[in-house]
Amino acid sequence: MTRTLACTAALAASLLATCAFAAETLGPVTDEIGVVKITKGDPILIGGYSSQSGGDTNQGIDELRGAELAILDNEGTVLGFEVQLLGEDAQCTAEGGQTAATKIAGNPQVVAVIGPTCSSGARAGAPILWNAGMPSVAFGATAPALTAADRPDGFKGFLRVVPNDLLGADFTATYAFENLGVKTAATIHDGSPYTEQLVRAFEKDFTELGGTIVSSEAVSPTDTDLRPVLTRISTKKPELIFTPVFTSTVGFLLRQKTEITDLAGTQVIGGEGVFSANVIEAAGPNVVGLRIVGPSTDLFSDRFPVFVEAFKSEFGEAPVGGFSAYGYDSMLLTLKAIETAGKTDDEGNLYIGRKALYDAMMATKDLPALTGTLACDEFGDCSAATYAIWEFVSDDASTFAPGENPKRVYP
Amino acid sequence: MTAAAISAAVRNRTADWWRRSIWVDHLMLAIRVVVAVLVLWGLAGGIAAGTYSAANFASFAMFGLTIGSVYALIALGYTMVYGILRMINFAHGDVMMVGSFAGLFAASSLSGAGLTNDAPLIALPLVLAAGMAVGAAVSVAIERVAYRPFLHVRSLAPLICAIGLSFVLQYGARGLFGTRNRAYPGFGWMEGTVQVAGLTIPIPQIVAFGAALVVLAGLLAIVRLTPLGKAMRAVSEDRDAAALVGIDVSRTIVFTFAIGGAMAGVAGVLYALVFKQITVFMGFFLGIKGFAAAILGGIGNLGGAMLGGLVLGLAEALGPALLLEGYGLPAPYQLKDVIGYGMLVLILIFRPQGLLGERLAAKRA
Amino acid sequence: MSFNVVTSSFRVVRREREAGAEALRIGLIAGVAAVLFCLIGAYVALDKRDVVEGVASFAAVALAAIALVAGYTSAATANRQGRTPRRAVLLAGGAGLAVGACLALMVLATTNLGIRTILVAASPALVRALTFGTTAGSSGQIFLLLAAGFGLGAIGGALATLVPERLRRAIIRGVFVVIFAGLFRDVFFSIASNLPGGVDRMIYGSAGIRLWPAILLFAAVVAWTILRAAAGKPSAARTGGRSKLSIVLLVATVLVLPLITSDFVAQVAMLVALYMLMGMGLNIELGLAGLVDLGFVAFFAVGAYTVALLCSNGPLAIADVSFWVALPVAIVLAAVSGLVFGLPVLRVRGDYLAMATLGLGEIVRVLVLSDALAPVLGGSQGIIEIDRPVLAGISLNTPAELYYLALILAGAVAFISWRLQHARIGRAWLAIREDEDVAQALGIDPVASKLVAYSVGAAFAGAAGAVFAVLVGSVFPHSFQLLVSINVLAILVIGGLGSLPGVLVGAMVLIGLPELLREFGEFRYLFYGVALVAMMHIRPEGLWPAESTKREMADA
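Protein sequence lines correspond, in order, to chains A, G and L. Every letter in the first sequence is one number past the one before it in full-length UniProt numbering, and letter 196, counting from 1, is 196. Every letter in the second sequence is one number past the one before it in full-length UniProt numbering, and letter 144, counting from 1, is 144. Every letter in the third sequence is one number past the one before it in full-length UniProt numbering, and letter 186, counting from 1, is 186.
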């Protein structure tokens, strides 16, 4: 009772302050937010929250599985301590993110958190985690506002390894207008905040470059018949369709586009949500020629196929979408930071200062990861943020390997 | 009759209606007028906007009939079960999904032998058989778990059980078969297209439409002509009386579920044939649409289910083009469910028993 | 039809087979269940979640429970058929053996046949997880599985036949309590953390309860149960005072829960309270007036969006007033939307009504999400930066504080429901539910009564939506899925249709438990589905049925 009252008072005073936020000294470590002591033999707990039920199930499961692989690649340990990922279901809703984050925050042994999948969940969840002194590294929440300069204090502990929408949209628009030379484009989003935001940013950039958005459409992720929408788009005769939607919808779109004769010459650019072998199966022969925006760097082409193989042997199927790599990277960043921030005492117990860990995370620089070299800026954007356009060249799902299929076509 | 007499008669009837009606009737009339005005305005605007050519509209109609025949196939299974038990099987859409996956595995193994590409006419029936068999088995299991234990009690228990089983099937299939989207292998010449009156129509869509008609005919034949159908009709009229005259009620119900499940299997395979890729979560929303189609046509009525499916499909494909274009809304196809469900609600307001349904006695309704 | 349900005296009774055949049947069914549990990937995933720290994972407990129950059931059948205890235990062992054999077959198939092309979870990891110290895929592992199956089945059988009833009851209760304590670690850990001296850490490890506390707890429960029974006190479950005692206990728990536990438990309790509000709303429509509503989430959305638009700091706000002004507006608007929904579908009945309301609910969701209304409602980006309510200068921020807000609302709503139920209008609703035509003949105005039911129900849901908006601090269309309507319906039926305490119990079971078990992630809804089916089988009339339902069930 007194604890709660104390918490309440502290919270009322300031968003940042909670009962845990007093300088604490445990063992050899003093930290202004708090210290986590991990007794020898106990595991290091890392929280994770993602969409594991509802419409975005695939992506959320992929991401946490990617993170599991990062732990396995580290032999399952950091500093000699076993690492355990506590995955929670955050759905793709604000209240899901909030509840999952509250649950994780309730376990004082958790040192850091990865996730969530959706920006809505991050908006509600990230401040809760940071109030408990836990930094979070998102693998899917791409909304620019989350790392904007004027973000509220509660988001100080929010980092992400996935690039923010604005960069990707700008890159794609420039590529389309200048390299492909298309002057008219149509967009399709699926009603999720992620795709809508990306599409809007693309529309803005494309128009600023001098192009024209002839049609701006939306579908629902459960739609199976996209031909009416495509017919509507075809009446405007765009040279390009930009649609960062997910695997099912891209599959339907590409297969059904062939039935719309007026769209025969229209190119399609997709987002990294379909950077996977699964889109080849979903779209069948029509996948050939599909271009997508995705992470660049040679690192990615080298390491990603190995990652996909490991993923397959561990979980029985290849990743469904492209976000599993971000799951891997978020965990990698976290583990590296723990390595820096963790201190052991004579008895072999591990102490991790929360502020020290956060600082170590924010100080991440030149970290070779799956999607490129990670480096965090002062607002928590840690993504490699180097893009490329990839093009699928074969409809055989077993040939999937960045560099070969899809092939890098730009830059 | 002179014009004066006619106008007098109309006046009389109007006055009569006005006298007997209550405010609810007036309100309904107002809704009718408002809807009619909105629809006409949208239509006029859409035509004036001239976005689409006649060929576009013909294509829209074809798209509508295609997705409509899938809805119809699902609705037929829904309606079969409803007709006999007067209960909705919320897991029906997921039975369809399971049937579709069974078909996928059958098709994959046949494709390994090269059969799907070389002899689609042999392969397709085998794939359909796999889908039907598994669909029927799952459906019978659902009857066993969700319906049979509650036949004698008055409660919503079967509905809740069916909802529970729907979750079990979705997330169970997710665990068993994985999350990824799966594609059916190619079916040789059946992947081609034909030219009909200037329209290019993919063959699978003709197959799906034809199959829906065949299934409807088959079901009607079973219900009208066979002893089993007679038993079904008897059980649906009065379960107790049917038992009294020596009909094995529980066997009849099991057979009905089996047939309904087999229909769901057919729907699942044909869906995959037309739309090519399947996922474990596709059943729920298609099931809802099938439910809507069955209700739209008048639940318990086989012809109604067929009609309801086609009408719903057409409304979704044509609706945004015809009605919303005139209002200049952004992304009109995002609102196709508004058109589909809106039409459903309106039809129910004005014809509470659905398109072909009979007005059920209050006890039944 | 499914909502008013035609009943008949027709009852299907399953014939019981001879004990041996029955044991085989049970064993095979249980074996298939165990294999499915493994092949959906649940075993590997839940093997990481300990119930008893370092000793038993949830996955292992589940598999063991399957074999135990198989043995118990077959022995009980054999017992009923007059077999000797020895034979009964043997049969039970056989049933357990069948479970083990199914698992062994699965292991063999996984290691030797390429079943993984279809079944993605049939992985080396699964075989590894099932080794229990032996080598993966070896004959030792097969033997171990068979022996463990037989042993567990026999233990289950012995429990059913050899152990005296009193002790059996005590043991079963003890096991349940231990599993419960391990499973809901978060709740009990946070309660224990109120105690001084690090007791919490002594009892709980990082995932489950520690071994010694588990044993102590088990022993304590067993001893307590036996002593109570020996003292001749009738067990609480059978006394008439049960409901009064339970109500007192419930109320006490509900009042102090967030104070003695963590923010997370308070957050879950908060969600339970929200669903209670909605449940009581639907209870008016469905439980009392018999109006099926599968579009109930629309009213919830109206309440949430009203508060969002009125209290947000964002660009979409149309006003920036305090929550206390916005709340009544939200409630009134929701009630009005209830009228608007109710009017057109007044004449529609039964399943047709279910579909019509489902359609209306989906229409609302699609409209809220649409680009067409995005300039007003934010479309998929939702409305953010909603102010928290401020009471006497203090902003209500924590889940616990908001929980009390929701609780006060729920209390008020429960009181209103209770009064309505026993007022003239309540009786009118019941009459309409039973037979609309007769009700009309008795002089009840069905139109007015139904409309009142719709708007009152909607108002309650609107209140829930209003609190939801300030709890989350933002509203997104994805929070208003059809699933919410289905959940509320399930709460009502599981709790007991027409029963107010039933709504509370239903919401606790269907919202509280899945929320607490969030770490089950991808399997959460699977277990939710299984639980729905199981609960309907165990108590078709609901966990806390209304008096009238109880009478009807007794007649059936």
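Calculated directly from the structure, the hints in this document are not laboratory data. Built from N, CA and C at the ideal position, the CB exists for glycine as well. Any given hint could be a false lead.
Claimed, not checked - Some, not all, of what chain A presents toward chain L, calculated at C-beta under 10 angstroms: (1) Leu86; (2) Ala94; (3) Arg123; (4) Ala124; (5) Glu196; (6) Asp377.
Said to hold, decoys possible - Straight-line distance between alpha carbons at most 27 angstroms, and here's what the computed DSSO-like set of lysine-lysine pairs gives: (7) Lys48/L x Lys37/A; (8) Lys183/A x Lys257/A; (9) Lys156/A x Lys40/A; (10) Lys336/A x Lys244/L; (11) Lys40/A x Lys48/L; (12) Lys355/A x Lys40/A; (13) Lys312/A x Lys48/L; (14) Lys312/A x Lys257/A; (15) Lys336/A x Lys37/A; (16) Lys336/A x Lys312/A; (17) Lys236/A x Lys257/A; (18) Lys183/A x Lys204/A.
What the hints assert, rightly or not - Only part of the chain L face toward chain G is listed, based on derived beta-carbon distances under 10 angstroms: (19) Val329; (20) Asp371; (21) Pro540.
- Does the alpha-carbon distance linking Lys40/A and Lys48/L stay inside the 27 angstroms limit? holds, 19 angstroms
- Message: Given the hinted pair Lys312/A and Lys48/L, is their Cα-Cα distance within 27 angstroms?
- Response: OK: Lys312/A and Lys48/L at ~20 angstroms, within 27 angstroms.
- Item | When the least beta-carbon distance from Glu196/A to chain L is tested against 10 angstroms, hint result | holds, 5 angstroms
- Message: Hint Asp371/L vs chain G: min CB-CB distance below 10 angstroms?
- Response: With a closest approach of 4 angstroms, the Asp371/L hint holds.
- Query: Is the hinted pair Lys312/A and Lys257/A satisfied, with a Cα-Cα distance of at most 27 angstroms?
  - Reply: violated, 31 angstroms
- Message: Run the distance test for Lys336/A versus Lys37/A: straight-line Cα separation, threshold 27 angstroms.
- Response: Holds: Lys336/A and Lys37/A sit about 18 angstroms apart, inside 27 angstroms.
- Message: For a C-alpha distance cap of 27 angstroms, please report whether Lys183/A and Lys204/A respect it.
- Response: Distance ~14 angstroms between Lys183/A and Lys204/A Cα, so the pair holds.
- Classify the hint on Pro540/L as holds or violated, based on whether any CB of chain G lies nearer than 10 angstroms to its CB. OK, holds: Pro540/L within 10 angstroms of chain G, min 4 angstroms.
- Query: Is the straight-line distance between the alpha-carbon of Lys355/A and that of Lys40/A 27 angstroms or less?
  - Reply: With a Cα-Cα distance of about 22 angstroms, the restraint between Lys355/A and Lys40/A holds, given a limit of 27 angstroms.
- Message: So if I understand the rule, the pair passes when the alpha-carbon distance is 27 angstroms or less; does Lys236/A with Lys257/A pass?
- Response: Holds: Lys236/A and Lys257/A sit about 15 angstroms apart, inside 27 angstroms.
- Once the shortest beta carbon distance from Arg123/A to chain L is found, is it less than 10 angstroms? holds, 6 angstroms
- Can Val329/L be said to touch chain G, with a Cβ gap under 10 angstroms? It is violated, given that the least Cβ distance between Val329/L and chain G is near 25 angstroms, above 10 angstroms.
Of the numbered hints listed earlier, those contradicted by the structure are 6, 9, 10, 14, 19.
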